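Please take these sequences and the hints and turn them into a complete structure.
Protein chains in written order, with UniProt numbering: chain A, 1 to 569; chain B, 1 to 569.
A few of these clues could be false.
[As the list claims (entries may be wrong)] What the simulated footprint calls covered on chain B by chain A, stretch by stretch (three residues with Cβ under 8 Å from a Cβ of chain A suffice, anywhere in the stretch; the number is not a length):
(1) 185-196
(2) 260-274
(3) 279-289
(4) 408-415
(5) 487-495
(6) 527-539
(7) 553-566
[Said to hold, decoys possible] Pairs of lysine to any residue, SDA-like flavour, derived with a Cα cap of 25 Å:
(8) K105(A) with N164(A)
(9) K231(B) with L455(B)
(10) K192(B) with P263(A)
(11) K105(B) with F107(A)
(12) K231(A) with F191(B)
(13) K231(B) with D150(B)
(14) K105(A) with G85(B)
[Said to hold, decoys possible] Here's a subset of chain B near chain A, in silico, CB distances under 8 Å, partners left out:
(15) K434
(16) Q499
(17) A545
No lab work stands behind these hints: they were computed from the structure. From a predicted model like this one, the values you see are computed outputs, not experimental measurements. The C-beta atom is built at its ideal place from N, Cα and C for all residues, glycine as well.
There are 2 protein chains.
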Amino acid sequence: MERGGVVLVVLCVIFVCVWGVEGNGAPRPKLWSILDEDGEWHVQAGTYGMERRGVGKEEDGGDVKIWPMPYSVAHGDGTVMLDRGSFQFEFDAGNGSAMPDTLAKAFVRYYDLIFSQHAPRWDASPSDHALVKLVVGLGSRNEELQYGVDESYTLEVPDSSASNVAYLEAHTVYGALRGLETFSQLTTFNFKSKKVQISNTPYVIKDFPRFAYRGLLIDTSRHYQPVSSIKRVLDSMAYSKLNVLHWHIVDEQSFPIEIPSYPLLWKGAYSYAERYTMDDARDIVEYARLRGINVMPELDVPGHAASWGVGYPDLWPASECIEPLDVSKNFTFDVINGIIGDFRAVFPFKFAHLGGDEVDTSCWEQTSHVKSWLNDRNISTKDAYANFVVRAQDIAIKHGYVPVNWEETFYTFASQLREETVVHNWLRGGTCRKAVKKGFRCIMSDQATWYLDHLDAPWDKFYDTEPLLNITDPDEQSLVIGGEVCMWGETVDESNILQTIWPRAAAAAERLWSSLDFTKQGATTALKRFQYFRCLLNRRGISAAPVFYGSSYALGRDSPRDPGSCFKQ
Amino acid sequence: MERGGVVLVVLCVIFVCVWGVEGNGAPRPKLWSILDEDGEWHVQAGTYGMERRGVGKEEDGGDVKIWPMPYSVAHGDGTVMLDRGSFQFEFDAGNGSAMPDTLAKAFVRYYDLIFSQHAPRWDASPSDHALVKLVVGLGSRNEELQYGVDESYTLEVPDSSASNVAYLEAHTVYGALRGLETFSQLTTFNFKSKKVQISNTPYVIKDFPRFAYRGLLIDTSRHYQPVSSIKRVLDSMAYSKLNVLHWHIVDEQSFPIEIPSYPLLWKGAYSYAERYTMDDARDIVEYARLRGINVMPELDVPGHAASWGVGYPDLWPASECIEPLDVSKNFTFDVINGIIGDFRAVFPFKFAHLGGDEVDTSCWEQTSHVKSWLNDRNISTKDAYANFVVRAQDIAIKHGYVPVNWEETFYTFASQLREETVVHNWLRGGTCRKAVKKGFRCIMSDQATWYLDHLDAPWDKFYDTEPLLNITDPDEQSLVIGGEVCMWGETVDESNILQTIWPRAAAAAERLWSSLDFTKQGATTALKRFQYFRCLLNRRGISAAPVFYGSSYALGRDSPRDPGSCFKQ
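Right under this line is the structure:
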């Protein structure tokens, strides 16, 4: 089931192989934990009892706490220290070329993440058992981020007896970013030495993603998200190696973004302040790129577009019937052309999303001039819907984009869609299976399991959803470019977006990154590592909600029900 | 009712006087907003209707959008621009002394806050109508932060026709911090010029707090809060000029902090990772000080202390009866002395909180050796409770702290409390009135209106709570040193602490900072400015929850019910 058919190789000769074999997450009584001097902790059961019920190592996340799980991890049982005053990231310049800016900025970020665990001692010169640096080598200096960029890396952290230098090798700077994230997740704080350390050395980690497209949708039309909020979402995506922000910018409720070629569109914003400038969009795209994340803009047509007409009422079929966009006017397509042209100057990603979902064409039938237009051409509203979508596709293609459309377009007029179309599943299970059978590429976002606004879907549903379910032909498998979790914004604003996204999105992120041989073990196997990752997000300032609500899996953005440890909730 | 009896003076000669006279927040229909070229916006009613219903200025927060409202604000109707590439904060060195470090760091923070509104144009040299700098003058270079420090300031922002320099004068650097916060709240982003601006110039603002103690309690025993989370809480406190973080560090559920003199206490932590080192505590105290916030540690004795015995079981009366702490052993007080001594090295605030609430002494009666100890001395459990609290007070006093105790100690044995005791109200209304009548100082935290974990208390209850209710004697009034909102942690962890605290805590913050003549106008008057402040918090990355849930005031940490503008939710 591996894309590319790479054979799973785990180095087991001299290392202990560990892959998520912790016990399940059965409900537990109120616990006291007792810390031993060596950092082990022993769990007592009962409110005030003394009975020992178990022994765990540190935070009970298992020996390998990386999320998502790399392709292969081999390790030993040593420990190295990282001294805050002397540890360094180093770029292996090889032929003498300058360090890529993307890498230099990542070094700053990861140094901060690693050494902001509590307040580590400052050691200006390396102590015994210290890892003195991580050397990063790149196969290419090309910093272009595009769909399918090589994200593979190899990370080697030695035991202190063998060497004091770790190595990270990647073909591209974006592979190096993934490796730096993994490296940062190996580090913990030692409360005895007051230093950052890496346990279970030596490590040899070989890693690459299963799917090239690992997305998260945000919706800034139902609620405006401040730029700072979008940046926090991007930070958090990098932590679980998601790599596409699908920005559903506009919908019927508001049109928050500046469009220089049609400036009155901006009048559809909720308020004066709830708007994005084109410079904001550039800022977001660059912030994302520095984290190895592409931004895919969405322009959802012809439905979900009522807010366009606040600035240009001619886009409404009539003032009392304002959606879908008026199919009968060339002006409609002039505006679409203007928006996509302006997008192209800001969003360099290969794909642009053109929506096409939930189109109720009754407004076209009820409006006399549109009805006449249909009659003159002797076409049905369904034909007009198809013509609209395809005409928008052609505009996007002309501007150099590959169009993505929601699945209704596929089910309604597959034969008319441009062949490069990527079908975006959301409504029905099995859509991708049908789409790839017809030769289309597909993105999986089954609403039953991967819609984050479905608060009643707990994390294990996200984890156990398999994008290639019942797709067995390797050629067809290769057409499923990945998947995406969707954070629709009807009840989400800055105040709750992170805890509605996390930790559940991370479950899908592992499904999309890690090998199927690993993830097919299922959510139960991943549970303790998942809880550990949720607490790591919290430590990094990402407000991931609890995994449990009492003894049941929590729903989306549940608060903790009772007092207790992060690692158990 | 003003403390200090200062007479309200507002300069009305050439300026327009504005003090929160916007309309109420009655429920409104789904709205379209239409932006005019000049930045005004016009609101349309009905889902798709065109009818104009109102005209508002920018985000509808009223002309003066500062929260909490300063003592006096006078302003005009001009506008000045702040150029990102050339605007400067400047310290008026006067006699040539160096700029205080606290101020230098604040300049960096406020520059970032002001110019991170969208992506402002970069103008390396000042443009027309530019404010080129804000000059800060200090009466004293003393950077000691202590209870009662002078937080007053005067801020003058000229109209561009008169001058291009603004002035902030304060007696202390902490007054300057308050003035910088106010200055930052005057700035908005102009979407036409793509620059930061200040509207309604010139401004003359004179300001000082009504109460010296304006607190927020956090609880790191029921749930561990990562250090980064506590720092975010401190950031947000500074935005509404709260100045005491009451850190309820320890309770019966866990003992997360390192105590060097009794290192096994740390075993009462929830897990290996959920602990604070003494360096973490120093880091938090310094982070707070840089924001003009004192940290008051709490050691809640003799109840709420069961977790102490995980490391030292001798502190438990018996293994099956572990709370309150064993009153019969000197070891108990040795440990208290050790903890408070260690606290004194880290927490320089004048006050330490010693708890004393909810003490159920039945465990003492049921444990034979404690019972014998009581019998030998012929004292009741109530006497023993009083003796315990007073002995702890004497330890705190010996270490240079002024003790604060929860109100049960006052109701149970007021006559035995040390005279410097500050009584901390929580359980009953009217406690402060009774406490100050007996000559004690008092902090108001009435649980009916100022407990943030009471999710059913909406923001207007917080706003309309008056700490001096029914206290008319000026001497008695002066004994109410302030108030505090309490964020107990039973159902609060990193994932939801900010939206449970905010925006409701800000309502109490205005009550504690602004003049009674202003706040007595009540919540309805403050509503639109309050909604504006909530959106400002969101823009700054503080996840303040909506003010409304549909057409009713939201409960604590409610999600938005429907799509809509931040300024209306």
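Hints versus structure:
1. With 4 residues having a Cβ less than 8 Å from any Cβ of chain A, the stretch 185-196 of chain B passes the three-residue criterion, so the hint holds.
2. Coverage of the stretch 260-274 of chain B by chain A holds in this model, with 9 residues showing a Cβ closer than 8 Å to a Cβ of that chain against a need of three.
3. By the rule of at least three residues with a Cβ nearer than 8 Å to a Cβ of chain A, the coverage given for the stretch 279-289 of chain B holds, with 4 such residues.
4. Counting residues of the stretch 408-415 of chain B whose beta carbon lies closer than 8 Å to any beta carbon of chain A gives 0, which falls below the threshold of three, so the coverage claim is violated.
5. With a threshold of 8 Å between beta carbons, the proposed coverage of the stretch 487-495 of chain B by chain A holds, since 7 of its residues qualify and at least three are required.
6. Counting residues of the stretch 527-539 of chain B whose CB lies closer than 8 Å to any CB of chain A gives 3, so the stated coverage by that chain holds, three being the minimum.
7. By the rule of at least three residues with a Cβ nearer than 8 Å to a Cβ of chain A, the coverage given for the stretch 553-566 of chain B holds, with 9 such residues.
8. Between K105(A) and N164(A) the CA atoms are separated by roughly 24 Å; this keeps the pair inside 25 Å, and the hint holds.
9. About 23 Å separates the Cα atoms of K231(B) and L455(B), which keeps this hinted pair within 25 Å; it holds.
10. This hinted pair checks out: K192(B) and P263(A) have alpha carbons roughly 11 Å apart, not beyond 25 Å.
11. For the proposed pair K105(B) and F107(A), the alpha carbon gap of about 24 Å is at most 25 Å, so the pair holds.
12. Taking the CA atoms of K231(A) and F191(B), the gap is about 20 Å. The hint holds against a cut of 25 Å.
13. Note on K231(B) and D150(B): the hinted pairing holds, with a Cα-Cα distance of about 24 Å set against a maximum of 25 Å.
14. Among the hinted pairs, K105(A) with G85(B) is consistent with the structure: their alpha-carbon atoms are about 22 Å apart, no more than 25 Å.
15. The criterion of a C-beta within 8 Å of any C-beta in chain A is not met by K434(B), whose closest approach is roughly 32 Å, and the hint is violated.
16. Evaluation of the Q499(B) hint against chain A yields a held restraint, the C-beta minimum of about 5 Å falling below 8 Å.
17. Interface hint at A545(B): satisfied, since its Cβ lies 5 Å from the closest Cβ of chain A, which is below the 8 Å cut-off.
In this structure, the hints that do not hold are numbers 4 and 15, in rising order.
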